[in-house]
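Residue numbers (my numbering), protein chains in the order written: chain A, 1 to 127; chain B, 1 to 131.
Think of the hints as simulated: they come from the structure by calculation, not from any bench.
Treat the hints loosely; a few may be bogus.
[Unchecked claim] Here chain B is said to cover these stretches of chain A; the calculated rule only asks that three of the stretch's residues, wherever they fall, bring their Cβ under 8 angstroms from a Cβ of chain B:
1. 4-15
2. 18-24
[Stated by the list, open to error] Residues of chain A placed beyond 10 angstroms of chain B at every Cβ, according to the derived structure:
3. CYS60
4. ILE70
5. LYS88
[Claimed, not checked] Short derived list, chain A residues pointing at chain B, Cβ under 8 angstroms:
6. ALA44
7. LEU50
8. LEU55
9. ALA72
10. ALA73
11. THR89
12. TRP99
13. PHE102
14. LEU106
15. ILE108
16. ILE114
17. VAL118
18. ILE121
Think of the CB as a built atom: it goes at the ideal place given N, C-alpha and C, for glycine as much as any other residue.
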Amino acid sequence: MFCPQCGASNADKAAVCVQCGRSLQAAVPAAPVQTPGVVLPPGAAIQNYLVFAILSTVLCCLPAGIPAIIYAAQVNGKLQAGDIAGAKTASDNAKMWCWISFGLGLGICVIWGILAMVGMIGHLRPR
Amino acid sequence: MAFVVLATAGAMLLRLFDPAHSLIFPPCPLRYFTGLYCPGCGSLRAMHALLHGDLRQAFAMNSLTVILLPFIGYGLVTEIYRHLWECPLVERRLPANWIWSLFAVIVLFGIARNLPFHPFDLLAPGALLHL
Numbered sequence: 001m002f003c004p005q006c007g008a009s010n011a012d013k014a015a016v017c018v019q020c021g022r023s024l025q026a027a028v029p030a031a032p033v034q035t036p037g038v039v040l041p042p043g044a045a046i047q048n049y050l051v052f053a054i055l056s057t058v059l060c061c062l063p064a065g066i067p068a069i070i071y072a073a074q075v076n077g078k079l080q081a082g083d084i085a086g087a088k089t090a091s092d093n094a095k096m097w098c099w100i101s102f103g104l105g106l107g108i109c110v111i112w113g114i115l116a117m118v119g120m121i122g123h124l125r126p127r
Numbered sequence: 001m002a003f004v005v006l007a008t009a010g011a012m013l014l015r016l017f018d019p020a021h022s023l024i025f026p027p028c029p030l031r032y033f034t035g036l037y038c039p040g041c042g043s044l045r046a047m048h049a050l051l052h053g054d055l056r057q058a059f060a061m062n063s064l065t066v067i068l069l070p071f072i073g074y075g076l077v078t079e080i081y082r083h084l085w086e087c088p089l090v091e092r093r094l095p096a097n098w099i100w101s102l103f104a105v106i107v108l109f110g111i112a113r114n115l116p117f118h119p120f121d122l123l124a125p126g127a128l129l130h131l
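With the sequences and hints as input, model every part of the structure.
See below:
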């Protein structure tokens with residue numbers, strides 16, 4: 001192989017270049033891939049989880065979705081004001097409340113399932 | 001992906017079984033314990049009606065859900081897009097005021113449908129059907 005720094009020919013397994021001493025093992029880390037022409041604004045990766053908050057509040061009757069909506073509004077408000085760190089915190093809170101909502105929903109389903117089964121067994125019992 | 005599978009399975013269950021008469025869907029916890037309607041009460045019955053093409057019944061069960069559904073659908077599409085391609089579908093975010101307004105609408109709807117006098121009593125699940 002050829003040294004990327006001075007171009008001297010080296011053995012394929014050489015650890016350093018015989019001419020300039022440059023390390024040949026560690027490849028030069030590739031520059032982060034950025035789609036050309038697309039510059040994401042700061043905070044673009046911060047999600048507000050609004051869709052899940054609304055889903056859990058309106059479709060699943062779960063009150064834990066309410067704080068999630070409040071935090072979702074805070075995420076967008078703080079991003080508008082340029083407060084990236086604050087938006088991140090609000091985003092984490094929104095995510096947490098979405099998961100609490102999900103856990104609650106799952107718990108209710110499990111409890112309801114058990115109750116329904118107990119009820120069915122109760123009906124099957126001979127009187 | 002798992003979400004799409006779950007949602008499809010849920011929709012199929014919801015089409016097959018009427019939440020009003022079936023035991024497989026849990027009741028709203030708020031209604032179960034307090035007797036009050038929450039902003040989402042009737043939404044499962046509304047979805048059931050929608051899956052059977054009955055917009056009138058769906059609107060009577062939970063008008064807010066029916067109005068919000070197109071937006072929820074749009075939101076889900078953008079979320080799935082973001083998940084698959086790891087970049088947002090639309091760069092612009094909702095102005096925070098819109099989310100606050102939506103929040104107010106949901107809360108006010110939840111309060112209004114519990115008021116026992118006209119015209120707010122029409123917002124309770126199914127009330128519009130008995131006009």
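Status of the hints after comparison with the structure:
Using a Cβ-Cβ cut-off of 8 angstroms, 0 residues of the region 4-15 of chain A lie near chain B, which falls short of the minimum of three, so the contact claim is violated. Counting residues of the region 18-24 of chain A whose CB lies closer than 8 angstroms to any CB of chain B gives 0, so the stated coverage by that chain is violated, three being the minimum. A beta-carbon of chain B comes within 10 angstroms of the beta-carbon of A/CYS60; the shortest separation is about 6 angstroms. Distance check on A/ILE70: its Cβ comes as close as 6 angstroms (rounded) to a Cβ of chain B, failing to clear the 10 angstroms threshold; non-interface status is violated.
For A/LYS88, the shortest C-beta to C-beta distance to chain B comes to about 14 angstroms, beyond the 10 angstroms cut-off, and the non-interface label holds. For A/ALA44, the shortest C-beta to C-beta distance to chain B is roughly 6 angstroms, which falls under 8 angstroms, so the interface hint holds. Contact between A/LEU50 and chain B, as hinted, is supported at the beta carbon level, the nearest pair being about 6 angstroms apart and thus within 8 angstroms. Interface restraint check: A/LEU55 against chain B, minimum CB-CB distance 6 angstroms, threshold 8 angstroms, status holds.
At its closest, the beta carbon of A/ALA72 sits 6 angstroms from a beta carbon of chain B; the interface hint therefore holds under the 8 angstroms criterion. A distance limit of 8 angstroms between C-beta atoms decides the matter here; for A/ALA73 the minimum to chain B is near 4 angstroms, and the interface restraint holds. Interface hint status for A/THR89: violated, as the beta-carbon distance to the closest one in chain B is roughly 15 angstroms, over 8 angstroms. For A/TRP99, the shortest C-beta to C-beta distance to chain B is roughly 14 angstroms, which exceeds 8 angstroms, and the interface hint is violated.
Using the Cβ-Cβ criterion of 8 angstroms, the hint placing A/PHE102 at the interface with chain B is not satisfied: the shortest such distance is roughly 11 angstroms. The criterion of a C-beta within 8 angstroms of any C-beta in chain B is not met by A/LEU106, whose closest approach is roughly 11 angstroms, and the hint is violated. Taking 8 angstroms as the C-beta contact cut-off toward chain B, the hint placing A/ILE108 at the interface holds, the least distance being around 5 angstroms. Taking 8 angstroms as the C-beta contact cut-off toward chain B, the hint placing A/ILE114 at the interface is violated, the least distance being around 11 angstroms.
Interface restraint check for A/VAL118: the shortest CB-CB distance to chain B comes to about 12 angstroms, outside 8 angstroms, so the restraint is violated. Because the closest C-beta pair between A/ILE121 and chain B is about 13 angstroms apart, greater than 8 angstroms, the hint is violated.
Checked against the numbered hints given earlier, the structure breaks hints 1, 2, 3, 4, 11, 12, 13, 14, 16, 17, 18 and satisfies all the rest.
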